[in-house]
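So the protein lines, in turn, are chains A and B. Per this note's numbering, residue 1 is the first one in the first sequence, and the count goes up by one each step. Per this note's numbering, residue 1 is the first one in the second sequence, and the count goes up by one each step.
Quick caveat, the hints were computed from the structure, so don't treat them as lab data. Small disclaimer: the values here were computed from a predicted structure and weren't measured. Each hint should be verified, as a subset may be incorrect.
Pairs of lysine-lysine residues, derived as DSS-like cross-links and limited to a Cα-Cα distance of at most 25 Å, are as follows [said to hold, decoys possible]:
no., chain 1, residue 1, chain 2, residue 2
1, B, K69, B, K96
2, A, K57, B, K26
3, B, K108, B, K26
4, B, K96, A, K31
5, A, K31, B, K26
6, B, K70, B, K26
7, A, K18, A, K57
8, B, K96, A, K57
9, B, K69, B, K104
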Amino acid sequence: EADIYQTPRYLVIGTGKKITLECSQTMGHDKMYWYQQDPGMELHLIHYSYGVNSTEKGDLSSESTVSRIRTEHFPLTLESARPSHTSQYLCASSESGEGYTFGSGTRLTVV
Amino acid sequence: SQQGEEDPQALSIQEGENATMNCSYKTSINNLQWYRQNSGRGLVHLILIRSNEREKHSGRLRVTLDTSKKSSSLLITASRAADTASYFCAQGNFNKFYFGSGTKLNVKP
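Input sequences plus hints: build the corresponding full structure.
Shown next as structure tokens:
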């Protein structure tokens with residue numbers, strides 16, 4: 001059973017709203033990641049962190065931001081949601097880089 | 001892009017048959033991993049093969065790695081309807097991994 005939790009599971013929100021997608025893990029992993037995935041498509045790395053106070057942008061440009069104040073918590077924020085942000089967002093963590101544990105994802109719809 | 005490619009994009013087989021899917025990548029790697037994703041869910045780690053390994057087994061799964069060709073294959077033997085899912089390979093170093101677009105496997109009962 002995965003020990004990484006994402007909330008909410010589904011979110012429908014209006015254009016222009018600020019949203020935060022939560023991701024928490026109980027495994028004490030230093031490395032955490034956010035991926036964006038459109039249905040049936042590849043995963044794109046949008047943010048990652050190697051530890052507290054460390055955050056980096058991934059290979060896919062994203063208007064979202066992240067923070068890593070605590071080891072177990074890696075929230076993703078969109079200041080002003082747009083329909084182009086509609087997607088599934090997957091959070092993952094890793095201890096050694098030899099295997100990711102993924103959360104169940106947040107499916108975001110911006111109307 | 002550093003992302004690899006899975007092939008085929010979709011595969012439909014009968015229960016009991018073997019399923020083979022392939023992955024090609026572009027850069028040197030420390031290890032390569034295979035994941036499974038059920039529709040609309042997160043990914044589940046299946047198996048990891050290190051760059052100095054050529055073959056690895058786990059239950060009904062067999063993974064091969066050819067670093068000279070920058071390719072890997074995943075074989076699922078005696079498939080079951082419950083194996084229906086998308087399968088992704090992830091390759092990279094210890095810090096970042098890149099995923100392809102996956103192979104969508106449908107196992108018909």
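- Return the numbers of the hints above that this structure violates; sort them in rising order. 3
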